[in-house]
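S.K.: Chains as they are written, first to last, in our numbering: chain R, 4 to 501; chain B, 260 to 582; chain S, 260 to 582; chain D, 15 to 309.
Bear in mind the hints are in silico, worked out from the structure with no lab data behind them.
Be careful, since some hints might not be right.
Derived list of chain R stretches under chain S, where covered just means 3 residues or more per stretch with a C-beta under 8 Å from a C-beta of chain S [unchecked claim]:
no.	segment
1	322–334
2	342–350
3	356–363
Straight-line distance between alpha carbons at most 27 Å, and here's what the computed DSS-like set of lysine-lysine pairs gives [as the list claims (entries may be wrong)]:
no.	chain 1	residue 1	chain 2	residue 2
4	D	56	D	170
5	S	470	B	524
6	D	102	D	18
7	D	106	D	18
8	B	470	S	524
9	D	18	D	99
10	D	242	D	182
11	D	242	D	253
12	R	51	R	338
13	R	338	S	470
14	S	524	S	470
15	D	56	D	102
16	R	160	B	470
17	D	149	D	182
18	D	149	D	102
19	R	338	B	470
20	D	253	D	205
21	R	244	B	524
22	D	182	D	170
23	R	244	B	470
24	D	149	D	56
25	R	338	S	524
26	D	170	D	149
27	B	470	B	524
28	D	46	D	56
29	S	524	B	524
30	D	99	D	56
Only part of the chain S face toward chain R is listed, based on derived beta-carbon distances under 7 Å [unchecked claim]:
no.	residue
31	295
32	298
33	466
34	467
35	470
Glycine is no exception: its CB is placed at the ideal position from the N, C-alpha and C atoms.
Here are the chains, one letter per residue:
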Amino acid sequence: MTPALALQDVHKSFGPIEVLHGIDFALRPGEVHALIGENGAGKSTIMKILGGFLTSTSGQVLLDGQPAPYRSGAEAEAAGVVVIHQEFNLAPDLTVAQNVFLGREPGRFLLDHRAMRRETQALLDQLDCRVSPDARIRDLAVSDRQMVEIAKALGRKARVLIMDEPSAVLTHREVEVLFRQIDRLRASGVALLYTSHRLDEVRHLADRITVLRDGAVVRQALRGELTEDGMATAMVGRDLKDIFPPRRDSFGPVVLEVQGFSVPPVVQDVSFTLRRGEVLGISGLVGSGRTELAEGLVGLRTHRGSLRREGQAITLHSTADAAAHGLAYLTEDRKELGLLLDKSLRENLTLSTLGRFGRLMISRPAEETALTRAIEDFDIRAPRRDMAVGNLSGGNQQKLLLAKTMLPDPQIVIIDEPTRGIDIGTKSQIYHFIDRLARDGLSVIVISSDMPEILGLSDRVLVMRQGRVAGELQGDAITETAVVRLVMGTTEEATADA
Amino acid sequence: MRNLSLSTLGPLAALILLVVLGAFLNANFLSAGNITNVLARSAFIGMIAVGMTFVITSGGLDLSVGSMAAFIAGMMILAMNAMLPTLGIGVPLVLAGMAVALGVGLLAGLANGLLITRAGIEPFIVTLGTMGIFRSLVTWIADGGTLSLDFEARQFYRPVYYGGIFGITWPILVFAVVAVLGELAMRRTRFGRYCEAIGSNDRVARYSAVKVERVQLMTYVALGVLVGLATILYVPRLGSASGSTGLLWELEAIAAVIIGGTALKGGYGRVWGTVVGVLILSLIDNILNLADLVSPYLNGAIQGVIIVLAVVLQRGKSSAEGR
Amino acid sequence: MRNLSLSTLGPLAALILLVVLGAFLNANFLSAGNITNVLARSAFIGMIAVGMTFVITSGGLDLSVGSMAAFIAGMMILAMNAMLPTLGIGVPLVLAGMAVALGVGLLAGLANGLLITRAGIEPFIVTLGTMGIFRSLVTWIADGGTLSLDFEARQFYRPVYYGGIFGITWPILVFAVVAVLGELAMRRTRFGRYCEAIGSNDRVARYSAVKVERVQLMTYVALGVLVGLATILYVPRLGSASGSTGLLWELEAIAAVIIGGTALKGGYGRVWGTVVGVLILSLIDNILNLADLVSPYLNGAIQGVIIVLAVVLQRGKSSAEGR
Amino acid sequence: AEDKTYTIGVSIPSATHGFMGGLNWHAQDTIKRLEATYPNVKFVLATAGEPGKQVDDIEDMLATRNIDGLVVLPFESEPLTGPVKAVKDAGKWVTVVDRGLSQPGIEDLYVAGDNTAFGQVAGEYFRENLPSGAKVVILRGIPTTLDNERVDAFEKAIDGSGIEVLDKQHGNWNRDDAFTVMQDYLSKYPKIDAVWAADDDMALGVMEAIAAAGRTDEMWIVGGAGMKEIIKRVMDGDKQVPVDVTYPPAQISSAIEMTTLHFVSAAPVSGRFIIGSTLVTPENAAQFYFPDSPF
Ligand SMILES: Nc1ncnc2c1ncn2[C@@H]1O[C@H](COP(=O)(O)OP(=O)(O)OP(=O)(O)O)[C@@H](O)[C@H]1O
Ligand SMILES: Nc1ncnc2c1ncn2[C@@H]1O[C@H](COP(=O)(O)OP(=O)(O)OP(=O)(O)O)[C@@H](O)[C@H]1O
Ligand SMILES: [Mg+2]
Ligand SMILES: [Mg+2]
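Only chain R is shown next, with the shape it has when bound in the complex (with noise of 0.2 Å):
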């Protein structure tokens, strides 16, 4: 059986670095193939270079074992072959059925506007996604920015789809979804090529694993010829153990109390209280409020109710009021609102601190100084310093996002959704290293959708549903089960309802 879409012996360069070297591989009619890498290994590249968004260096690109007659994104389309971005690919400013049919509205010469929404919807409906096909995509959350995207790759008609990290924004509920459309794909003869991090969705997944380090193809494997541990340890090179640190056990005094606290529309009268040296998780649904109570906590959306500072109460009406008291907050979503793209990593680094790096004149060995620190505390790895950080992998933009969070020194962080995209190797690092900001007398606030790390990582748990605080869980009491339920609102009654 010829390959749908193959890559012959590709090396790929930007500038003087080549970071793809001699890549072989071959995707197949009805199987799903999984590459695995650590962040910046080149998969993205490589997905590019199939769709047609990036060519090669040298190598060629087969389609039916022919050599690839596109030249862009839109001619791969055209020929079949069809890529979900990991950044995101839709327009702000228009809504989610305009984006879904963007490039191939119907109609002859006024557009079909009853049957793009009509069609959205259907398509949003196989997905399980609530959100409104008028909804303009600016006014979305990052997880169901997500599943328009999945939505308006499968209305695409693929034979060849690839998939670059669509689950890193979702929840599991969603995951769930996206594998039911991803079965139904295979079966009906489309080549899927998927890459995560989660590497129990690889192993659910994946017919086929190709194993990407350094930009070289280390390993492959069909399915069941590779553990999660295996995997891990091919993509590292070195055995994994403990990828999350163990509890910790004693707490110093309340230094953050939130008392009927509301973020208008969305959180209503939440309440909770944080000690020194905690964890505290926050577990709930995509559209929870989980991201709004976070803005609101440091000063970002118009909010009511008490906050008390160890103690004194405190209002804040920004993040340089919440900097001031010491809070700091990781957005989730980091193209949007965590990073400037088209800067470099310096400039990046330092923004929100820009205070600290020379009084009048800003100090550039300072500066440097500081990022050679995080590159190597939070091993990010950038081909060149002063690249913009829209060129960085995905997960490396993550990791410098982590950096420049924490590069304030706060008493309080609040990181909505740490290990976004972030590799198995490196995300053990970030659990580590929040673990000993714990230890060092910080408290961490953790919002996720990643139920593992929410259970390794919390000393407690507080799950959100519609804006309410549906439940705090503590010590032995976190587990799957008792988390799940409250996420769900599934009581004992309730189950006996259904």
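Following the hints, complete the assembly by docking chains B, S and D with the ligands onto the known chain R.
M.R.: Quick look at chains B, S and D with the ligands alone, frame taken from chain R:
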């Protein structure tokens, strides 16, 4: 939802306020004659502003439209005067003149568009350059003076501005048609959709198989043709072209687009808003003439205040989007 | 790397080409007198353009600077004439006049800035409005004519434009200082960094604890003060202000900024590029006057062509960034 | 007809340069004065920055202000001819000021300066006071027909005298522009004997540039229009500005006054009134000096 309706009604509310003010200040304000005058004179800037809406929506800008109008008017007059001996005065001459105007407009728009999309120069610079070029060329062709259409030809051509059907003059009719087609094109055609997509994020549009350069080029060409169309209606009104024809029209057209609620950075366009914007600007002038409010030296100041106030009415939107 | 150097050298290359052209066309071009003339003339627009660089870099725009200069000049002359009987002619009078100019500039910039950041109205609209307002006010105050500084006072004040030290006149010196400080502020201070961040993505800036509104406000205030400073040097030149003072300076300043390589959409500013842009624009005028190239009617056209060509030289950058 | 009220529309270009500023001032001043004198006459004043706007203004006066008469200084002759004719055809009185319409016989009253004479008077002064071979430079106004008329007349007047015109660039009737252009002339030409600045605002800019270059004694300047500062200098016998040529902005006052007279009295006022351009010399300067005018 509340923001939406505020932003939608903002410019309309300003327009209605102005109409009420006008009616209050002068009894003749609502007379058929005055309304016809205001609408007809809005037509030139109006058609240009409709084209400008597409350019701005797709993330561009065109500073050259005023000079372009002068240049097209000059070429049209020259051509008509030159063809007069051959064609004689009559419909063929007028049609030939119109063809020249549309053709020159198309070429001028094409020149702007190609420099912007092919040579990749900022629209601001390209059209600042062509603004100077077009205006100098008219001045040069007219030898510093005025280019005039032959008197007889002009008498024949005059009804294109002053005449009409059903009591509605041609400029108003043509403007209405352009506005309706523009609104349709923006809302209901691929072209409009692509303009918004490109203005919103040109990379996304390119990734989605939109021919970004071609769409951008088309916005400038369409604008050029609309400037040509506006000129066709303008020439019978004044019968001449000079270095001061169409002075500052670009600023007025851009202002109308922005007042109408289109974002200067692109991504979102509203043709009917532009039409309202144009009417607001014309009405301000008209009302200042209706009443002896203050020293004429202060007209500019009042104009400025009203423009800002008109936009304050739709502030709800901007500040909601700003965050 | 190659793109970078092309983009960096683009405007410089254009400048050098112009200098060579000028020297080739006229032997007096490189005389100290002519160079002093060109530089001193560039100083007004130059200082304003440096301020404009910050405004544009942080995603704003200011169309009102030309009218603002006229307004400040008018107020300054009025104030000096009024204070003359009390203060007498001397340094205190001149200092008082300067203080008035800087103060009025600061307030005018503050007005623009507050309307833009607090009321949340598009910069284009706000400054289009204040442009009309400032200009009308001068015309009104001057009763349509010219406001002239008292003759004796002017004689005393004159050296501020014509005098200097080490053979370099004050406008040139002040401009140089403003340019150097501006470059430093853009590259090496928090303010400049914040301007770039806000223009690049204002939401990211806000999430990064940057006080977005305050920084934006400061760009307008700084621009206002620089307009005031430019006026301080302008008034001693001719000792008068009228409704036509500073006409189209805004367009020239914005053009200089864009020619210099700053992006109109914001996010990236280059003060030294702006300085080069200002010099390019002044040189074009100077060369056109010095050489009898063609009909003076075509000056605008040549200007337009050179502006576009100057930017084509740095096209490498735009097209690299555009994708 | 004492009890009947009249409305007179006045449409002029806005105050974009010194001369127009003076004209604007005279128009407003005259209106104020006449309104006080004749309570039954009302005036509507509109100023326009471009021909199209002026046409708008005239249309508005006709449609909404019920004017009985119109005093108009056309921004440009061609474009205003049709609209002014429409006013005439509506049975209104029409007074045209300064720039004639492109079709004869429309207006009832024509009051104007004489552009040809303006250039010619200056030219003759140059011819008489410069030797053959003398070098002069010209600063032109905004490119318009009337600027062409003046320059043509000037050149015709010096034709055959051996005076050489080195250059003629546009100073746009603007002090700043004239300053810049003159600076560049001074760099370009080592020897200039005289400057025709064609406008007093420009003359002031020119003088400043010459002073800065330290070449005050090398050349003299003739401006035009009769600005008070310049007249004062002529009166005081300043060698740098030996003479001036009038082109009085006050012609608008005469036009408005005569139009008003037509309505309030039986005096016959129709016809053509051409206000010639006179050479202002130190001897006669006092009669052209109006220290209160802003111009
Ligand atoms: N346009 C570009 N210019 C320069 N370097 C680039 C560019 N695009 C990618 N790179 C570099 O190529 C390397 C591979 O990046 P790629 O995005 O393919 O990694 P990835 O495997 O997808 O990582 P992640 O898991 O973090 O998404 C990285 O070092 C990245 O910085
Ligand atoms: N600007 C906005 N305008 C309208 N609705 C919004 C806006 N921002 C967020 N929402 C909606 O508010 C709800 C809460 O979103 P939020 O991002 O807080 O959820 P979350 O619990 O943090 O989920 P996630 O896992 O996506 O972060 C969602 O339904 C989201 O679509
Ligand atoms: Mg990637
Ligand atoms: Mg969230």
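S.K.: Checking each numbered hint in turn, tell me which of them this model violates, lowest number first.
M.R.: 4, 18, 21, 23, 24, 31 and 32
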